[in-house]
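Read off the chains here:
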Amino acid sequence: MKMDIYEPFQQVSMWGDNFKVDGGLNSIASPILMIDTTMENKSEYIPQESREPSGADQETSNKDVNKMLRRLAQNREAARKSRLRKKAYVKQLESSRLKLMQLELEIGKARKQGLYMGTALDAGYIGTSSETINPAIVAFEFEYGQWVEEQQRWNEELRHAFQMQAPDAQLCVLIQSVLNHYSNLFRMKADAAKADVLYLISGVWKASVERIFLWIGGSRPSQLLNDLLLELLPDNTGTFDVNVRIIVPQLEPLTEQQIVRINNIRQSSQQAEDALSQGLEKLQQSLVHDMAVDPLGAGNLRLQMALAMEKFEALEGFVSQADHLRQETLLHMSRALSTQQAARGLLALGEHFNRLRTLCSLWSARPSELP
Amino acid sequence: MFQEKKRMHYQVEAAAAWSYYMRVRSMEEDQMERVARLASQSAVVIFSVSSCCMCHAMKRLFCGMGVNPTVHELDHDPQGKDMETALMRLLGNGSINTNAVVPVVFIGGKLVGSMDRVLAFHIGGTLVPLLKQAGALWL
Chain A
1 MKMDIYEPFQ
11 QVSMWGDNFK
21 VDGGLNSIAS
31 PILMIDTTME
41 NKSEYIPQES
51 REPSGADQET
61 SNKDVNKMLR
71 RLAQNREAAR
81 KSRLRKKAYV
91 KQLESSRLKL
101 MQLELEIGKA
111 RKQGLYMGTA
121 LDAGYIGTSS
131 ETINPAIVAF
141 EFEYGQWVEE
151 QQRWNEELRH
161 AFQMQAPDAQ
171 LCVLIQSVLN
181 HYSNLFRMKA
191 DAAKADVLYL
201 ISGVWKASVE
211 RIFLWIGGSR
221 PSQLLNDLLL
231 ELLPDNTGTF
241 DVNVRIIVPQ
251 LEPLTEQQIV
261 RINNIRQSSQ
271 QAEDALSQGL
281 EKLQQSLVHD
291 MAVDPLGAGN
301 LRLQMALAME
311 KFEALEGFVS
321 QADHLRQETL
331 LHMSRALSTQ
341 QAARGLLALG
351 EHFNRLRTLC
361 SLWSARPSEL
371 P
Chain B
1 MFQEKKRMHY
11 QVEAAAAWSY
21 YMRVRSMEED
31 QMERVARLAS
41 QSAVVIFSVS
51 SCCMCHAMKR
61 LFCGMGVNPT
71 VHELDHDPQG
81 KDMETALMRL
91 LGNGSINTNA
101 VVPVVFIGGK
111 LVGSMDRVLA
121 FHIGGTLVPL
131 LKQAGALWL
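As you go down the protein sequences, you meet chains A and B in turn. One point on numbering: in UniProt numbering, the residue at position 133 of the first sequence is 133, and numbering is uninterrupted. One point on numbering: in UniProt numbering, the residue at position 56 of the second sequence is 56, and numbering is uninterrupted.
Hints listed in this document are in silico derivations from the structure and should not be mistaken for laboratory results. Don't take each hint at face value.
Computed list of lysine to aspartate or glutamate pairs in EDC-like fashion (alpha-carbon distance at most 16 Å, straight line) [to be verified]: (1) K112/A - E149/A; (2) K194/A - E281/A; (3) K59/B - E316/A; (4) K194/A - D274/A; (5) K59/B - E313/A; (6) K59/B - D274/A; (7) K59/B - D116/B; (8) K282/A - E313/A; (9) K110/B - E33/B.
From the derived model, a few chain B residues whose C-beta atoms are all more than 12 Å from chain A [claimed, not checked]: (10) K6; (11) H9; (12) A16; (13) W18; (14) R34; (15) A36; (16) S42; (17) K59; (18) M88; (19) R89; (20) L90; (21) A100; (22) D116; (23) G135.
The structure presented is a predicted model; accordingly, all values stated were derived computationally and were not measured. Where is the CB? At the ideal position from N, CA and C, for every residue including glycine.
Given only the sequences and the hints, what does the whole structure look like? Please build it.
This is the structure:
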């Protein structure tokens, strides 16, 4: 007689139901592999005798035996299919777990570039090693994202002003606004440093590419001056922003006096940077010294740790002086230049950071290697 | 009679309080004077604390410019604490708020201030002329 072929579809739906994931992760819930099930490859023991038709009694008992055998066979088959389906289910769980990890990583990256504003609770600060969430730092991350956006708006204003060949008076107002905007950043950084200087000085709040150039919680002033100057050198052909294709009339060349003054600013900034760096080195050495455990025993670890904590406060002073230096160099540089030159320089500075951030996005969007 | 005693008692107490006040004031003035005296002994004078890292940065800044500053370590001076108080009063609330008073710089006997003032002068281009005027730098 013909054996019933157990239909696989009924069992599949059971696993499928368990596996339904809501919330847009449809790519993960791919259809379960359809398992081809026939009875053909199953070897079964069917005693010869039971097949032979015999007397009426034997026929009924044969029927019973056959029924039982059939049920056993069906059971075996169901169990086999169940095991195979469970394997497939676990495999899909593993792959979706990997996907989740990847997504979390991407969100973390985007957050740190200020491209994604999470809630106050899941803001990127959790990515650091600290156990508790510092609301001042969460606020700083949010404010910094806003600051970057506004910075880009000011850049647009400057670009537009050049396009419209705005008068010097208008450029002056813009220059002052941009300088004020930088002052705001330094104020924000000071508040953040007071809340957690280690967080600020680590630069995790900056885009990853910017962090290459990190010096005491920000950019090196002398380096920024160099970037500014590139825009102002006499052989500047006058084409400015390749993307926007603005042809700006050539800047008047720097006077002898201006060149001397700018070089002095650059040199004195360099000297100040060196001095602060050396002071910081001494701080690092004394920190190591404070943390050194007395190998002979008790050593008053608590006192040593308290001393080390004091050093973190001294760190705040260095961040403060570094930001002060940044502000002074910006200020005096803009004073040494004409209105046109200063506006161009500030625009170049803004563009510089924009380019760094674009580089960042490209870097994090690069295709990951297949395992 | 009782009133007389009381008035005299009060006068004695007032006199004692006043003389104490005058002694304290003169001590402070002594330290102020001492600071001023030390400050005018050399072209560039830095009041420092040996363990302070910002003071180290200040010393490196001047040495890096070719200046040879005179350094007074307050923690090595028996009257260091009083001098620190005197310096704090001289500075007022002008500088960026830090817990430390030091480093404090005098050039040509005149007060320049803490690191932030020195940096502002340096970037502003007025530090070098000041040093030359005081005879701390030649060309």
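Hint-by-hint comparison with the structure:
1. Taking the CA atoms of K112/A and E149/A, the gap is about 14 Å. The hint holds against a cut of 16 Å.
2. Taken as a hint, the K194/A and E281/A pair is broken in the structure, with Cα atoms around 21 Å apart against an allowance of 16 Å.
3. Proposed proximity of K59/B and E316/A is contradicted: the alpha carbons are some 19 Å apart, above 16 Å.
4. Among the hinted pairs, K194/A with D274/A is inconsistent with the structure: their alpha-carbon atoms are about 24 Å apart, more than 16 Å.
5. Distance restraint check for K59/B and E313/A: the Cα-Cα separation of roughly 20 Å exceeds the 16 Å cut-off, and the hinted pair is therefore not satisfied.
6. A C-alpha spacing of about 11 Å is found between K59/B and D274/A, which places the hinted pair at or below 16 Å, so the restraint holds.
7. Pair hint K59/B plus D116/B holds up; C-alpha atoms about 14 Å apart against a cutoff of 16 Å.
8. Between K282/A and E313/A, the direct Cα distance comes to roughly 14 Å. Compliance with the 16 Å bound is thereby established for this hinted pair.
9. This hinted pair checks out: K110/B and E33/B have alpha carbons roughly 13 Å apart, not beyond 16 Å.
10. Every Cβ of chain A is farther than 12 Å from the Cβ of K6/B; the closest lies at roughly 53 Å, confirming the non-interface assignment.
11. Taking the minimum C-beta to C-beta distance to chain A, about 49 Å, the non-interface status of H9/B holds against the 12 Å cut.
12. Against the 12 Å criterion, A16/B stays outside the reach of chain A, whose nearest CB is about 41 Å from its own CB.
13. With a closest Cβ-Cβ approach of about 40 Å to chain A, W18/B is found to remain outside the 12 Å limit, as its non-interface label requires.
14. Distance to chain A confirms R34/B as a non-interface residue, since its nearest Cβ pair spans about 26 Å, more than 12 Å.
15. For A36/B, the condition that its CB be more than 12 Å from all CB atoms of chain A holds, with the nearest at approximately 26 Å.
16. S42/B, annotated as away from the interface, keeps every beta carbon of chain A farther than 12 Å; the closest lies near 20 Å.
17. The Cβ of K59/B does not lie farther than 12 Å from every Cβ of chain A; its closest approach is about 8 Å, which violates its non-interface assignment.
18. Chain A leaves M88/B outside its interface by the beta-carbon criterion, the shortest separation being 16 Å against a cut-off of 12 Å.
19. For R89/B, the condition that its CB be more than 12 Å from all CB atoms of chain A holds, with the nearest at approximately 21 Å.
20. Residue placement check: L90/B keeps its beta carbon more than 12 Å from all beta carbons of chain A (closest about 19 Å).
21. For A100/B, the condition that its CB be more than 12 Å from all CB atoms of chain A is violated, with the nearest at approximately 7 Å.
22. With a cut of 12 Å on Cβ distances, D116/B falls inside the contact zone with chain A, its closest approach being about 5 Å.
23. Its beta-carbon lying about 20 Å from the closest one in chain A, G135/B satisfies the requirement of being farther than 12 Å from that chain.
Hint violations for this structure: numbers 2, 3, 4, 5, 17, 21 and 22, all remaining hints satisfied.
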